[in-house]
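S.K.: Residues per chain are reported as follows:
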Amino acid sequence: MAERLLEVEDLRTHFRTIDGTVRAVDGVSFHIASGETLAVVGESGCGKSVTSMSILRLIQEPPGKITGSVRFKGRDLLKLSEKEMRDIRGNEISMIFQEPMTSLNPVLTVGRQIGETLKLHQGMDDKAAEARAIEMLELVHIPEARRRVKEYPHQLSGGMRQRVMIAMALACNPQLLIADEPTTALDVTIQAQILELMGELKSKVGAAILLITHDLGVVAEMAERIVVMYAGRKVEEARAADLFGSPRHPYTQGLLGAVPKLGSSLEGRGRTRLSEIPGIVPNLKRPIEGCAFASRCPNVTDLCRKVAPGVELKAPGHFVACHHAPREAIAA
Amino acid sequence: MTQAPAKPAARPLLEVNDLKKHFPIRSGFLSGISGYVYAVDGVSFSINRGETLSLVGESGCGKSTVGRTVLRLIEPTAGQVLLDGERIDDLPARRLRPLRRRMQVVFQDPFSSLNPRLKVRDILAEPITNFGLATSKGELDDRLADLMDKVRLPRDAMNRFPHEFSGGQRQRIGIARALAPGSDLIICDEAVSALDVSVKAQIVNLLSDLQDELGVSLLFISHDLAIVEHITHRVAVMYLGKIVEIADKKTLFAAPKHPYTEALLSAVPVPDPTTKRNRIILKGDVPSPIRPPSGCRFHTRCPHAFDRCKVEEPTLKVVAPGQFAACHLHDPAVQPVARAA
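Protein chains in written order, with the working numbering: chain V, 1 to 332; chain F, 1001 to 1341.
Derived from the structure by calculation, the hints contain no laboratory data. Heads up, some of the hints might be wrong.
SDA-like, lysine to any residue: derived pairs with alpha carbons at most 25 Å apart [what the hints assert, rightly or not]:
hint, chain 1, residue 1, chain 2, residue 2
1, V, K119, V, E196
2, F, K1250, F, S1044
3, F, K1150, V, P278
4, V, K261, F, P1273
5, V, K261, F, K1250
6, V, K202, F, R1277
7, V, K261, F, E1051
8, F, K1283, V, P143
9, V, K285, F, L1153
10, F, K1119, F, F1161
11, F, K1283, V, K285
12, F, K1283, V, L139
To be clear about the criterion: a stretch of chain V counts as covered by chain F if any three or more of its residues have a C-beta under 8 Å from a C-beta of chain F, and this derived list gives those stretches [claimed, not checked]:
hint, region
13, 35-41
14, 187-201
15, 247-256
16, 274-285
Keep in mind it's a predicted model, so treat the numbers as computed, not measured. Think of the CB as a built atom: it goes at the ideal place given N, C-alpha and C, for glycine as much as any other residue.
The shape of chain F in the complex, shown without the other chains (with noise of 0.2 Å):
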C-alpha cells in the first residue's frame, strides 16, 4: 500500500476563469453608451465537490455579480464558467436549461424571493415538474415530504403560504426549493443576512447539515466573515471586482496575507468586551467601479502603499500553501522596501 499512485485530480465542479462583467452606462436617451461599470474584472475560481467556497466583500465590490454570472442570470461579458468540465457560458438558451437543473439559488430576501400567491407545495413542485422528474403523483408527493423533511419544516406545512411563515422558516423554504431538482451547486446570494441571530445560527447549521447529508456544493456569498468562517472551507476575498485573497479558511482568517483581508478581519466587530484589538482603519470609501484606480485597485486606501502600487497591478500569486493574494508586498523582490516603508 505504499506509494499509492495519487488519484488523478477531481475535476472540479465549478470552475470560473477570468469572469468579466462589465455593465453599460447609457446617459440618455439614444446617446449611446457613455462608460462601463467594471461590476467583475477578471475573476477566477473553482469549487470542487461537496466544497463550500465563499465570496466576500463590501457592497458594489461585484460578489453577487459574480453569482449571478455563473448562473447566467446576468450574461458575462467574457471570461468561462465550467460546470463539470462543460462550458456553460456560451451555451444557448436551449442547450443550457437542462444545466440549471443542477444550478439553483437561494437569495437574501425571505419576503420577497417567493411568490405570494402560491402554496409551499407548488413552490416546491414547480422546479420538479419544470425538469420533468416526477412521474407520478404519488412520486412528487413523495419528493415534496422528503423536501420538508430536509429542510425540518413539518410536512403538513406544505398546504400553506409564504406569509403564514417567519423569516427563518421562509428561507428554509428557499433551500428547499433549490434543493428540489436535485442540485450540485446552490449559490447562497446572501442567504442568512437578513435573518436575526439566533435564527441566523439556525440556517447556519442547516446548510451545513445538509451539505454533509447530500454533497452539494456551496457558493456562499456574504459580506459577514463572522458566519463565513463558520459554514466555508475556502473564502475568497473581493474588492473591486478582483479577488485580491483566496484561501483555506484556517489559512486566510489566521494569518491574511493582503492588507485588505487584514483590514477587513480587523474591522468586524467581536462581541467580547474584554478583548482589545489593534483595529485597522481604512480612510476613505471604495471608489466607484466606473472609474477603478489604475495599478492596485486598493492602493488609494491601502496603509502600505508605495509607487509600484499606483502604475502596476500586482496579479494572484501563492504566498503560502493553499493561499493566493494579489498584492506587490509579497513580491520577493520588493519586500524590504515595503518594510522600510
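Extracted from the complex, chain V is given alone in its bound form (with noise of 0.2 Å):
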C-alpha cells in the first residue's frame, strides 16, 4: 500500500450560533495516499467543504471548533502554530475554490497573484516568479501567456480564470491538491476542458486530490476512491467501481439512482422517472440520535432510530456505515 500522505481521523467541525451548536462535522475519518485522487461527495449541507476547510485551518475559530487529527506526512496540522501552518497553505497543500470569480483578487495582475505563492514560499524575486508564472499559464494551456499574465482577472472568462486558479495552485509543486466544486461554476463544454486538463496535470505533477464536489458525474471521472458524506458524517467509502457498481448505503443507492444518466430515457417508451429521497436533510443544529439517514430511509429500523451505526468493512475496500448494509465474506 501506498504511503499515506493525508490522514484525517474523528475530524469534528462544529461551530457555536446564538441557537446552538450546528455539527457541520460530526466524526469523520479518512486518507488520502501519494499521488492518488480521492473524491469527498455530498448534497449541499453534508459537511464536504467544511471538510476541506478544517484540514487547512481556514475555519474562523470561534465561532469554530476543530477536533480530532489533520496528519499530513506525520504531523498533525491541527497542533500546529499559524505561522507553520502558513508554510503549509500553498505550499505543501493547495486550494482550488469554486468561484474563479471571487476568488481572485480583481486590481491584481493575474502574474502577480500566482508570483505572491512563490515569492513567499520560495524566495523567488520579481523576475524569476514572473518567469515561472508565464510557465505555469502555459502549464494550463493559455495561449499567449506572456500578454496574458500582465491582464486582470475581469479580461478573461470564467474559464480561463479556472486555469489561473489551477496554474496558482499548483505554482510550489504542492503534494496535495484540495479542489472544492473546481468545475461546478462552469458551462458544460468549459467544465469538459478543466477535467482534461486536470487528468493531464495530474499525470505530470503528482500530486495527490482531495476532490470536494456534488456532482457524481465529475465523480465517476475524475476519482479513484469515493467518500460519501451525508449530514456531517461519513456514509460510506469505496473504490470508485464499487460505489458506483454496488453501493451498500440506501443514501449512496438514492442518490445514485436520483442523478439522470444521459440518455437512460431513450430506452422506455414516454418520460421516465427519477426515483426520489424523500424527505429532507435532518437540521444539523439538533444532535442526531442514531442513524443519520434513519427519518428517509426506505429500510429503517428500531435500531437504526437510537443507535448510529459505526462505519464497517463490508467489503474488500468498502466501509459503510449501515446496520443493514450486506456483509460480503472476506477472506481472512
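Fit chain to chain and form the complex, with the hints in mind.
M.R.: The structure is reproduced here in C-alpha cells:
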C-alpha cells in the first residue's frame, strides 16, 4: 500500500451559534495516499466543504471548533502554530475554489497573484516569479501566456480564470491539491476542458487530489476512491468502481438513482421517472440520535433510530455506516 | 373507420416567429448607443398544449432572454409571439394583462423569488385575487387548499413564511404560485438548477405529474441536459442567440445532427466510471454576443468547420423526420467535401 500522505481521524468541526451548536462535520475519518485522487461527495450542507477547510484550518475559531486529528506526512496540522500552518498553505497543500470570479483578487494582475506564493514560499525575486508564472500559464494551456500574465481577472473568461486558479495552486508543486467544486460554476463544454486539464496535470505533476463535489458525473470521471458524506458524517467509502457498481448504503443508492443519466430515458417509451429520496436533510443544530439518514431511509428499523451505526468494513476496501448493509464474506 | 379524415392540425398554444432581442449598449452618459448585445437573434419555435419544450444551451446563449421576452417581462426588438393564435408581442399593457393569467413563470432561485414578508397563503392568493378568480373567501380558501395538495405540501403550511421552508419546498411554492391563476403555459427558467440531486428529482417528477394531471405546457429552460432528457418532449439547442438544432427528445439524444449538440452531449459527465466515451472537447470559449462571428456562429469552435461556414449563415433545415439543424454539413451538396475534411 502506498504511503499515506494525509490521514484525517475523527474530525469534528462544530460551530457555536446563538441557537445551538451546528455539527457541520461530526466524526469523519479518511486518508489519501500520495498521488491518489479521493473524492468527497454529498449534497449541500453535508459538511464536505467544511471538511476541506478544516484540513487547511481555514475555519475561524471561534465560532468554529475543530477537534480530532489531521496528519499530513505524519505531522498533526491541528497542533501546528499559525506561522507553521502558513508555510504549508499554498506550498505543500494548496486549494482551488469554486468561484473563480470571487477567489481571484480583482485589482492585481494574474502574474502577480501566481507569483505571490512563489515569492513567499520559495524566495523567488520578481523576475523569476514572473517567468515561472508564464511557465505555469503555459502549463494550463492559456494561449499567449506572456500577454495574459499582465492582465487582470476581469479580462479573462470563467474557464480561463479557473485555469489561472489551477496554475496558482500548482505553482509551488504541492503534494496535495484540494479542489472544492472546481467545475461547478462552469458551463459543460468548459467543464470538459477543465476536467481534461486536471487529468493531464495529475499525471504530469503527481500531486494527490482531494476532490470535493456534489456532481457524481465529475466524480466518476476523476476519482479513484470516494467518500460519501451525509449530515456531517461519512456513510460510505469505496473504490470508484465498487461504489458506482454496488453501492451499499441506502443514501448512496438513493443518490445514484436520483441522478439522471444521459441517454437512460431513450430505451423506454415516453417519459421516465427519476427515483427520489423522500424528505429533507435533518437539521444539524439538533444532536442526531441514531443514524442521520433514518428519517428518509426505506429500510429503517428501531435500531437505526436509537443507535448510530459505526463505519464498518463490509467488503474489501468498502466501508459502510449502516446496520443493515449486507456484509460480503472477506477472506482472512 | 378506414381513412378517417385527418383532424385539422391543432393550433399550437404558443408560437414564436423570428424573435429578436438586442440590448443596446450605452458607453457613457449622453454618449448614445455604441453597440448591441445580440442576445436573441431570430428564434422560432412552437409549443403544443400539454407539451414540454426545453431550451438548452450554455450561459449567455440567450435562453433566459427568450423566456422573458415571451412573457414580455422584457420587450422584444422584433418578431412575433402568438398565444393561441393571437399576437401578444405588440399588445398594449392593458390588453396584455388578462393574458398574463395564462402564462406564468417559475424562477431559478427559490430564495429570492418569494417575498419573505408574505405568508405562503398571501403569496398564492395574490395571483388569484389579482385576476378576480375567486368571488368569495370560501372559494379562495378552496383554491388555495387545492394548490397545496397539487404540489404535495401540507395545507397547514400555508400559514408559514418562506424562510421556514427548505429549497425544494420553496420551489414547490413557486410552482403553486405559477399554477394559481389556472395557467396554460409555465416557463421554468432553470427551475431545478439550484437544487440538490435528491430534491431535484422530486421537483422534476412533480412537474411531470402536474403536466399529466392538468395538461399545462412547459417551456423548460435549462443548461442540464441529463435533467432535460427526463422531463421534455422536444428540445431546442441554442448557441449565441440562435437555435442550432430542434428535435424530438429521442431523436436529438440518440442522433444529434449539429456539431454543437454533439459536443454538448459528449461533454456531460456520466456517473459511471466504467463507461469510456469519445469526448469532443471544444476549443476556446463562447464568443461575445456583442460581435458574433460571421457566417455560422459556431464556426470558431466547430471541429468540422470549412470555408463556407465562415461566410454563409446556415438556416434550420429538416435533417430527419421531426429534426431540424442549422449546419452546412447537412446540405447534400457539400456533404462529400465535409466528409473529406
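S.K.: K1250 of chain F and S1044 of chain F were given as a pair; does the straight-line alpha-carbon distance stay at or below 25 Å?
M.R.: holds, 21 Å
S.K.: Is the Cα-Cα distance between K261 of chain V and K1250 of chain F 25 Å or less?
M.R.: Holds - the C-alpha atoms of K1250 of chain F and K261 of chain V are around 14 Å apart, at most 25 Å.
S.K.: CA of K202 of chain V to CA of R1277 of chain F, is that 25 Å or under?
M.R.: holds, 20 Å
S.K.: Below or equal to 25 Å on CA atoms is what counts here, so check K119 of chain V against E196 of chain V.
M.R.: violated, 29 Å
S.K.: When I compare C-beta atoms, does the region 35-41 of chain V have three or more residues closer than 8 Å to chain F?
M.R.: violated (count 0)
S.K.: If you draw a straight line from the CA of K261 of chain V to the CA of E1051 of chain F, is it 25 Å or shorter?
M.R.: holds, 22 Å
S.K.: Is the Cα-Cα distance between K285 of chain V and L1153 of chain F 25 Å or less?
M.R.: holds, 24 Å
S.K.: Could you grab the alpha-carbon distance between K1283 of chain F and P143 of chain V and see if it respects the 25 Å cut-off?
M.R.: holds, 11 Å
S.K.: So if I understand the rule, the pair passes when the alpha-carbon distance is 25 Å or less; does K1150 of chain F with P278 of chain V pass?
M.R.: holds, 17 Å
S.K.: Does K1119 of chain F pair with F1161 of chain F here, judged by a C-alpha cut-off of 25 Å?
M.R.: Holds, at roughly 5 Å.
S.K.: So if I understand the rule, the pair passes when the alpha-carbon distance is 25 Å or less; does K1283 of chain F with L139 of chain V pass?
M.R.: This hinted pair holds, its Cα atoms lying about 16 Å apart.
S.K.: Using a Cβ cutoff of 8 Å, are there at least 3 residues of the region 187-201 of chain V near chain F, or does the coverage claim fail?
M.R.: holds (count 9)
Of the numbered hints stated above, those contradicted by the structure are hints 1, 11 and 13, listed in ascending order.
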